[in-house]
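Asker: Letter 12 of the sequence shown, counting from 1, is numbered 12 in the numbering used here, and no numbers are missing.
Among the clues, some could well be false.
[Unchecked claim] Derived pair list, reagent style EDC-like, types lysine to aspartate or glutamate, alpha-carbon separation capped at 20 Å: (1) Lys89 to Asp72; (2) Lys45 to Asp72; (3) Lys89 to Asp42; (4) Lys49 to Asp72.
[Claimed, not checked] If you anchor each label on the Cβ, the simulated ranges turn out as follows: (5) Arg77 to Arg33: 31 to 41 Å; (6) His90 to Pro56: 21 to 31 Å; (7) Arg44 to Gly80: 16 to 26 Å; (8) Val84 to Ser32: 28 to 38 Å; (9) Trp82 to Arg33: 34 to 44 Å; (10) Trp82 to Phe61: 19 to 29 Å; (11) Arg77 to Gly34: 26 to 36 Å; (12) His90 to Gly48: 16 to 26 Å; (13) Lys89 to Gly52: 10 to 20 Å.
Source of the hints: derived by calculation from the structure; they are not laboratory data. All of these numbers come straight from a predicted model, not from anything done at the bench. We put the CB at the ideal spot given by N, CA and C, even for glycine.
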Amino acid sequence: MTHARKPAAHTSASATPARQDTAMESHGDGASRGAVARRLHDFRKAYGKARGWLCPPPRSFLVALRFALFGDSGRFRTHGGWRVSRIYKHD
Numbered sequence: 001m002t003h004a005r006k007p008a009a010h011t012s013a014s015a016t017p018a019r020q021d022t023a024m025e026s027h028g029d030g031a032s033r034g035a036v037a038r039r040l041h042d043f044r045k046a047y048g049k050a051r052g053w054l055c056p057p058p059r060s061f062l063v064a065l066r067f068a069l070f071g072d073s074g075r076f077r078t079h080g081g082w083r084v085s086r087i088y089k090h091d
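Start from the sequences and build out the full structure, keeping to the hints where you can.
Answerer: Structure follows, in structure tokens:
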């Protein structure tokens, strides 16, 4: 004859999983969610600005990537090749 097992009684401490603070959670490279969101914001800002200055989409992508990663886009041609521009952050 087999006996049915009773479910284990849970205490309130063991039933509540440990809370993780998502604001300080690591993304593998030490960057927090806030830093990732900031880089994405910087990328969108620089891409829109470069496209507004009539820079082609592939070049605008590279310019925005450099700006998001390093805070400075470097010099690049805009306005149909008639002007040289640069996007950078003020300290």
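Asker: Verify the proposed pairing of Lys89 with Asp72, using a straight-line Cα cut of 20 Å.
Answerer: holds, 7 Å
Asker: Given the hint of 16 to 26 Å, is the C-beta distance from Arg44 to Gly80 inside that range or not?
Answerer: Because 23 Å falls inside the window, the suggested range holds.
Asker: Measure nothing beyond the straight line between the CA atoms of Lys89 and Asp42; if it is 20 Å or shorter, mark the hint as holding.
Answerer: OK: Lys89 and Asp42 at ~10 Å, within 20 Å.
Asker: Please verify whether Lys45 and Asp72 have alpha carbons no more than 20 Å apart.
Answerer: This hinted pair holds, its Cα atoms lying about 12 Å apart.
Asker: The hint says 10 to 20 Å between Lys89 and Gly52; measuring C-beta to C-beta, is that right?
Answerer: holds, 18 Å
Asker: Against the range 21 to 31 Å, how does the distance between the Cβ atoms of His90 and Pro56 compare: consistent or not?
Answerer: holds, 27 Å
Asker: Starting from the range 19 to 29 Å, see whether the pair Trp82 and Phe61 falls in it by beta-carbon distance.
Answerer: holds, 21 Å
Asker: For the range 16 to 26 Å, tell me whether the beta carbons of His90 and Gly48 fit it or not.
Answerer: holds, 18 Å
Asker: Starting from the hint 31 to 41 Å, judge whether the C-beta atoms of Arg77 and Arg33 obey it.
Answerer: holds, 35 Å
Asker: Can you tell me whether the CB distance of Arg77 to Gly34 sits inside 26 to 36 Å?
Answerer: holds, 34 Å
Asker: Do the alpha carbons of Lys49 and Asp72 lie within 20 Å of each other, as the hint requires?
Answerer: Satisfied, since the Cα-Cα distance of roughly 13 Å is no more than 20 Å.
Asker: Given a hint of 28 to 38 Å, does the C-beta separation of Val84 and Ser32 actually sit inside it?
Answerer: Holds: the Cβ-Cβ distance is about 35 Å, inside 28 to 38 Å.
The structure agrees with every numbered hint stated previously.
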